[in-house]
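Here are the chains, one letter per residue:
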Amino acid sequence: MARSVEPLVVGRVIGDVLDMFIPSLEFTVHYGTKQVANGCDIKPSAAADKPHVQLLGPPDPSCLYTLVMVDPDAPSPSEPRLREWLHWIVVDIPQGQGAARGRELVPYMGPRPPTGIHRYILALFKQQGAISEGGRQLADARANFSTRQFAAQNRLGLPVAAVYFNSQKEPVKKR
Amino acid sequence: MALSESESVAYGSLKTGSPVQVPQSPHYEELTADQSISSLNKQNSIFSLTLDEIQLKSGKTFGSMNMDEFLANLWNVEENQVPSQLPINDKAIGSQPNLARQGSLSIPTPLCKKTVDEVWFEIQKDLPQQRKANDITDHEPPQRQQTFGEMTLEDFLIKAGVVQELSGYSEHKKVNPVQTNGTSLDVNYGMGHLIGSSQQNMLTVPIQNNNASMDTNFEMAHMMGLGFPGHQIVANNIAAGNGYAVAYPIFTQKTVMGEASNVSGEVNGTNSLLDPAVPKNKKRIIDGPPEVAVERRQRRLIKNRESAARSRARKQAYTVELELELNQLKQENAKLKQLVEENEQRRKQEVLKRKQSTPAQRKVVDKIRALRRTVSLGW
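Chains S and A supply the protein sequences, listed in that same order. First residue of the first sequence? That's 1 in the numbering used here, and the numbers climb one at a time after it. First residue of the second sequence? That's 1001 in the numbering used here, and the numbers climb one at a time after it.
There may be inaccurate statements among the hints.
[What the hints assert, rightly or not] Pairwise CB distance ranges (calculated):
(1) A:Glu1295 with S:Gly57: 29 to 39 Å
(2) A:Glu1344 with S:Pro59: 26 to 36 Å
(3) S:Thr28 with A:Lys1348: 32 to 42 Å
(4) S:Ser78 with A:Lys1337: 24 to 34 Å
[As the list claims (entries may be wrong)] Only pairs whose alpha carbons sit at most 25 Å apart, straight line, appear in this in silico SDA-like list of lysine to any residue:
(5) S:Lys34 with A:Lys1315
(6) S:Lys169 with A:Lys1303
(7) S:Lys43 with S:Thr115
(8) A:Lys1348 with A:Gln1361
(9) A:Lys1367 with A:Leu1352
(10) A:Lys1335 with S:Thr28
(11) A:Lys1315 with S:Ser76
(12) S:Lys34 with A:Arg1314
(13) A:Lys1315 with S:Arg81
(14) A:Lys1315 with S:Met20
(15) A:Lys1303 with S:Ile117
(16) S:Lys43 with A:Leu1324
(17) S:Lys169 with A:Asn1304
(18) A:Lys1330 with S:Gln54
(19) A:Lys1330 with A:Gln1316
(20) A:Lys1330 with S:Ser4
(21) S:Lys34 with A:Ser1311
(22) A:Lys1315 with S:Pro94
(23) S:Lys169 with A:Ser1311
(24) A:Lys1303 with S:Tyr31
(25) S:Lys169 with A:Lys1315
(26) A:Lys1303 with S:Pro75
(27) A:Lys1315 with S:Gly129
Rather than coming from a laboratory, the hints here were simulated on the basis of the structure. Treat the numbers as computed from the prediction; the structure is a model and nothing was measured. Heads up, the beta-carbon is just placed ideally off N, CA and C, and yes, glycines get one too.
Using the sequences and the accompanying hints, generate a full structural model.
If you want it as structure tokens, here you go:
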């Protein structure tokens, strides 16, 4: 059964970025061997490359999903002027498959938190149809993205699943 | 009854000219262009009543009531009064309760929370300012009534900021004045609150005036330093009196209390401070370091608090997540263990059966198994 959304609520993911939803699907996100659990810490260096995203459940090519990754704490959690910063959009992911089987609308950009501890949210939506093009525009202007608006524009509705992790700037070690 | 409305109408025409004067009831007749003029005459009665009389009529003491309770009582008193007094068409009367309620709704929230006593205190403080530039004594201005009981209702309400000016009535009233008044009273509240608490008896006038005047002056001088962002000051007497003290927008109660505590602690000391400061009261606006530093500290505190809250939320979110995962894993573990158990049981059953069966039956079973094996090895 799908996990509770409580961590998302406590971490203010539901509220700042997403609306309250009931998870209907499970998916896993792996950066290398490390699996992302809500609120876990992942170094920017570890998340530089796109993660392995796997949708669980029976394979169904007719059900397509969209994955959106945003950072609501850009440039700083105390002053998120650029909320939300768009990191990644993958569309047309068939059910039961990985994100690699989808189409990258906005290329992956790893976390680069300049100040403070940022949350990075990966939200999965079920598609009703095709997603409107505009990837290039989105890629150029990653700042002040609105997941809610994007979902509304593309008739995605509420998310079916979401996970988030924390990341902060790594101290530069001079040896 | 349009208590506040008619009052403001009354004062509106008066106030623009004279910043300091208290409108007395005769001024009402000057009003024009207002529907409730006819009702004003009727209002006259309650407005020109002194608070003492109102207290008598209602049979209660207003001193420690909150402002909104006070106003509620006023409506009651007035309602009782009205029918007996003037011949006014029923329409006017009928419309008044609505107006009155509107009026009461426009009381700034900070004002509502104060008791009548506190508002009175602030009024007290205002008085000396308007009177004189240099001379700060507890000299009693002839026009003003010093005691709470003796002040007329109209004066009290104006000074309290419940009633506001109104030329351009509808626009001004709701927006700016409410803010400024609320602000000023916020500021004063801090002061008044402390002073009031140290001196409970409202009616010992001389002592209070002393403190009030000195505190007011100190506060005025202090307020000068806060910067004066040019708020629109609409309320008449209050504007004139502590207009400069009014406008500081972000000055929190806490800080004011801090300042005020200095004041009450050093009542004598401030005396000398005040004299040189007082003459410049009305002109000087200082944006000096102390106030800015305070503000900066406030901001930093708030930022820090938010950061701490975020940190706690983060920690809690992760904890919740781990707990959920833990539960899930435990359940899975339990299920798997159970499965293993069941499998074990089945195996045991099989073995038992085999032992129980006769050698002949065993042969048969083995043969079948072998055949099966052969088949499976087919290719």
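Structure-based check of each hint:
1. In this structure, Glu1295 of chain A and Gly57 of chain S break the distance hint of 29 to 39 Å, their C-beta atoms being roughly 55 Å apart.
2. A hinted range of 26 to 36 Å holds for the C-beta pair Glu1344 of chain A and Pro59 of chain S, which are about 34 Å apart.
3. Judged by the Cβ atoms, the range 32 to 42 Å given for Thr28 of chain S and Lys1348 of chain A holds: they are separated by roughly 37 Å.
4. At about 48 Å, the beta-carbon gap between Ser78 of chain S and Lys1337 of chain A misses the expected band of 24 to 34 Å.
5. Proposed proximity of Lys34 of chain S and Lys1315 of chain A is supported: the alpha carbons are some 19 Å apart, at most 25 Å.
6. Restraint check: the Cα-Cα separation between Lys169 of chain S and Lys1303 of chain A comes to about 20 Å, which is no more than 25 Å; the hinted pair holds.
7. In summary, the hint linking Lys43 of chain S to Thr115 of chain S is supported, as the alpha carbons are separated by about 14 Å, within the 25 Å threshold.
8. Taking the CA atoms of Lys1348 of chain A and Gln1361 of chain A, the gap is near 19 Å; set against the 25 Å cutoff, the hint holds.
9. Pair hint Lys1367 of chain A plus Leu1352 of chain A holds up; C-alpha atoms about 19 Å apart against a cutoff of 25 Å.
10. Simply put, Lys1335 of chain A and Thr28 of chain S have alpha-carbon atoms about 22 Å apart, close enough for the 25 Å limit, and the pair holds.
11. For the proposed pair Lys1315 of chain A and Ser76 of chain S, the alpha carbon gap of about 18 Å is at most 25 Å, so the pair holds.
12. Among the hinted pairs, Lys34 of chain S with Arg1314 of chain A is consistent with the structure: their alpha-carbon atoms are about 19 Å apart, no more than 25 Å.
13. A distance of roughly 24 Å separates the Cα atoms of Lys1315 of chain A and Arg81 of chain S; the hinted pair therefore holds under the 25 Å criterion.
14. Our distance criterion of 25 Å between C-alpha atoms is met by Lys1315 of chain A and Met20 of chain S, whose separation comes to about 21 Å.
15. Using a Cα cut-off of 25 Å, the hinted pair Lys1303 of chain A and Ile117 of chain S holds, with the two alpha carbons roughly 15 Å apart.
16. Using a Cα cut-off of 25 Å, the hinted pair Lys43 of chain S and Leu1324 of chain A holds, with the two alpha carbons roughly 23 Å apart.
17. This hinted pair checks out: Lys169 of chain S and Asn1304 of chain A have alpha carbons roughly 20 Å apart, not beyond 25 Å.
18. For the hint linking Lys1330 of chain A to Gln54 of chain S, the alpha-carbon distance of about 23 Å falls within 25 Å, and the restraint holds.
19. The hinted pair formed by Lys1330 of chain A and Gln1316 of chain A meets the criterion: a straight-line CA distance of about 21 Å does not exceed 25 Å.
20. Proximity of Lys1330 of chain A to Ser4 of chain S is assessed by CA-CA distance (about 16 Å); at most 25 Å being required, the pair is judged to hold.
21. Under the criterion of a C-alpha separation no larger than 25 Å, the hint pairing Lys34 of chain S with Ser1311 of chain A is consistent with the structure, at around 23 Å.
22. For the given pair, Lys1315 of chain A sits about 34 Å from Pro94 of chain S by alpha-carbon distance, which is inconsistent with the 25 Å threshold.
23. For the suggested pair Lys169 of chain S and Ser1311 of chain A, the alpha carbons sit about 16 Å apart, so the restraint of at most 25 Å is met.
24. Distance check on the hinted pair: Lys1303 of chain A and Tyr31 of chain S sit about 33 Å apart at the alpha-carbon level, beyond 25 Å; violated.
25. Between Lys169 of chain S and Lys1315 of chain A the alpha-carbon distance is near 18 Å, which keeps this suggested pair within the 25 Å criterion.
26. As the CA atoms of Lys1303 of chain A and Pro75 of chain S are separated by approximately 16 Å, the hinted pair is consistent with the 25 Å bound.
27. With a CA separation close to 39 Å, the supplied pair Lys1315 of chain A and Gly129 of chain S exceeds the 25 Å bound.
Checked against the numbered hints above, the structure breaks hints 1, 4, 22, 24, 27 and satisfies the rest.
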